[in-house]
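So the sequences go chain by chain: D and S.
The first sequence runs 12 to 264 under the numbering used here.
The second sequence runs 132 to 473 under the numbering used here.
Do not take every clue at face value.
In silico DSS-like links for lysine-lysine, alpha-carbon gap of 25 Å or less [claimed, not checked]: (1) D/K74 / D/K181; (2) S/K471 / D/K133; (3) S/K471 / S/K152; (4) S/K469 / D/K133; (5) S/K152 / S/K359.
Keep in mind that the hints were calculated from the coordinates and are not lab data.
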Amino acid sequence: MNVNGDALTTAGLCKNFGALSVVIDVNFVLPHGCRHALIGPNGSGKTTLINLIGGALTPTAGKMYLEGEDITHLTADQRVSRGLARTFQINTLFPRLTPIEAVTMVVAQRRGIGASLWRSLKRSSDTIDEAYEILTQLHLADDCDRPTAQLAYGRQRLLEIALALAARPKVLLLDEPAAGVPQQQSGEILSVISDLPDDIAVLFIEHDIDLVFRFAERITVLVAGRILCEGTPAEIAADPEVRRIYLGDEVHV
Amino acid sequence: MTAIEIPAPAPVVTPQERAHKVFAFTSRWRWEEIAFWVVAALSILIFPTHLVLIAQVLITGLFALSFDLLVGYAGIPSLGHAAFFGIGAYTAGLLARAGWTEPISGLLIAALVAGIAGFALSVVVSRLTGIGLIMITLGVGLLLYEAAHSARGITGGDDGLSGINIAPIFGHFQFDFYGKTAVVYTYVVVFLLYLLARRIVNSPFGLEMKGIRENVRRVPAIGIPLRKRYMVVFTVSAAFAGVAGALLGQITQTVALSALSFDRSAAALIMVMIGGMGTLIGALVGAAAYMVAQDRLSDLNPVYWNFWVGLLLVLFVLFARGGLIGGVDRLIVWIRSKRKKS
Chain D
12 MNVNGDALTT
22 AGLCKNFGAL
32 SVVIDVNFVL
42 PHGCRHALIG
52 PNGSGKTTLI
62 NLIGGALTPT
72 AGKMYLEGED
82 ITHLTADQRV
92 SRGLARTFQI
102 NTLFPRLTPI
112 EAVTMVVAQR
122 RGIGASLWRS
132 LKRSSDTIDE
142 AYEILTQLHL
152 ADDCDRPTAQ
162 LAYGRQRLLE
172 IALALAARPK
182 VLLLDEPAAG
192 VPQQQSGEIL
202 SVISDLPDDI
212 AVLFIEHDID
222 LVFRFAERIT
232 VLVAGRILCE
242 GTPAEIAADP
252 EVRRIYLGDE
262 VHV
Chain S
132 MTAIEIPAPA
142 PVVTPQERAH
152 KVFAFTSRWR
162 WEEIAFWVVA
172 ALSILIFPTH
182 LVLIAQVLIT
192 GLFALSFDLL
202 VGYAGIPSLG
212 HAAFFGIGAY
222 TAGLLARAGW
232 TEPISGLLIA
242 ALVAGIAGFA
252 LSVVVSRLTG
262 IGLIMITLGV
272 GLLLYEAAHS
282 ARGITGGDDG
292 LSGINIAPIF
302 GHFQFDFYGK
312 TAVVYTYVVV
322 FLLYLLARRI
332 VNSPFGLEMK
342 GIRENVRRVP
352 AIGIPLRKRY
362 MVVFTVSAAF
372 AGVAGALLGQ
382 ITQTVALSAL
392 SFDRSAAALI
402 MVMIGGMGTL
412 IGALVGAAAY
422 MVAQDRLSDL
432 NPVYWNFWVG
442 LLLVLFVLFA
452 RGGLIGGVDR
462 LIVWIRSKRK
472 KS
C-alpha cells in the first residue's frame, strides 16, 4: 500500500473491547486537503475510529500513517505536534480560562515555548496575536476575554475547533462539530469548517445528512465497525445498500 | 474665530487589546499582595516580641504557597506534601551537623534534595489522578514519617535533631537570641521565592498548569506532554517546600519529627482553602490567618482550637470558595459598581 501520497492512511485497523469488536479492518485513505465525512448509525464505531486515529485509544491491530510516517505507537500529544489534531463530541474545554488564554496555550506549545517557566506570557505578543487571529477566523474575537464557561453553547463548539486549529494541523478530526447546536447555527459551524485553508485535510463525523451532502467531498459509511462503502456524495446517495441501512427510503437528495 | 469644542471620542478598546489585557490583568500586582508584604515588614518593626511567630508565619506561608502551585494551579491533589518540607528540614539540619554551616548554600542544597524527591514521586504518580493521587501521596507521607521516626541514628527520632549551628549570613549577620536576623533572613528568602513563583505562574508553563487543572483530558489533545509537565510541577513545588523546611530548621536550630507530620500536610490544605486557591498570595494570607488565630485562640482555650478550625473550614467551603482573597476581590467589584452608580 502506498502511504506516502496521502495525509492520513489506516491499514487493517481493529479495536476490540474484550469480546466486542467495535472497529473491524478499517482501511481508510484521506488525501491532502480533502473534506471527508464519516457517517453511520449510532454505535457503528465512528467515535472509536476518531479516538484510535487521535491516539486516545490503542488499536488491537492495524497501523496508521500520517503523511507516510507510522504514528501507530505515538502518544496523543506526539501526534498533535506532528500535525494531527482533533475535537470532541462533548465539549472538552477549559471552563475558567478565557478563549484567548486557551488558544494562546496551544500556540505557545506549538511554538516550543510551552515548557518555559521564565518567559513572560504578557510580553509574548506574537503568540497572543496569533491566538487572536485564530479566534477571529472562528468568529470568537468579541468573546475572547470572557471565561469559557460563560459562553453560549454554540460559541463553545467553535472554541472546540479553535483549540484544534491552533495546533496548525495537516489533518483535523472533528467529532460531530455541530452536536447539540440548533439547526440555524450548525450551518455557521460547518461553513467555518469548509472555509478552512485547503492544505488541511478534514475528517468529520456529522449526523445531519443535509449538512454532510453540502460540505463533504467524499463520504465513508461505517456500519457495525466496518466500512460499508466510500465515495462522492452522489455515489453514496445512489447506493441502494446505504439507502436501505442508513438513509431510509424517503430521503431525497 | 470661535473655537468649536469637539468632545473627545470615547476611547474604543478593540477586542485585540482586550485579548492582551487578559494577560496583563492576571499577572498584575493585586493590592492584597502589596498589603501583605507591607504589613509583614511593618509587623517586624511593631512587634519585636513576636519575631519568632512572624518568621514561622512566613515559613508556613511559603510551604502553603508550594502546595498552592501543586493543587491550586495544576489541580494536582496531595495529602503528603509535608514529606518535602521534612526532607528540606532534615537536609539543612544534617548538613549543618556535618559542618556545612553556610546558610544560603544550605537552602539551595535542601531545595535540590527535596526537588529530586518530588521528581521521584512524580514518576510514580504521573499516571494517576484524583483519589489515586491522594492515597499515594498520603501513603508516601506516612511512610516517610515512620522511617524518620525509627531511624534514630540519623534523625534523632522522637527527640529530633538539635544543636544545629548556622554560620552568620554572608559571614556577617550572626543569628541572635531575639530572632532579629532570623526574621529578616526569612522575610527576604520568602519574598524572593514569592517573586519566583509569580514569574512561574505567569509564564507559558504557568498557563499549561492551569490547563491541566481545568481539563486534564484535553491537555494531551492540544499537544502537551502531560507526564513531563507533572514531573516539572512536582519537582518545583517540592523544591519550594524544601526551602521552607530548611528555613525552619536553620532559624530554630532544631528539626522536630513534626516537620514530616500529616498534620502539616493537612494544615497546608486548610490554609490554601481559607486564603484562596490558585492566587499565591492566598496561601500566605491563609497561613497568617490560621497561625495568628491558633496563637490567640489556644491562649484562650487550647482544647477548642480544632473546633474553630473545623467550623471555619466548613463555612469557607460552603459559602466562600474563593477564600479570603476571593472575598476581597468580590468586595472590590461591589464597591466599584456602587461608585459607578452614584
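Going down the list of hints, with the structure as the test:
Of the supplied pair hints, the one linking D/K74 and D/K181 holds, its CA atoms being roughly 19 Å apart against a limit of 25 Å. Restraint check: the Cα-Cα separation between S/K471 and D/K133 comes to about 29 Å, which exceeds 25 Å; the hinted pair is violated. Pair hint S/K471 plus S/K152 holds up; C-alpha atoms about 21 Å apart against a cutoff of 25 Å. Restraint check for S/K469 and D/K133: the C-alpha separation of about 31 Å exceeds 25 Å, so the hint is violated.
A distance of roughly 30 Å separates the Cα atoms of S/K152 and S/K359; the hinted pair therefore is violated under the 25 Å criterion.
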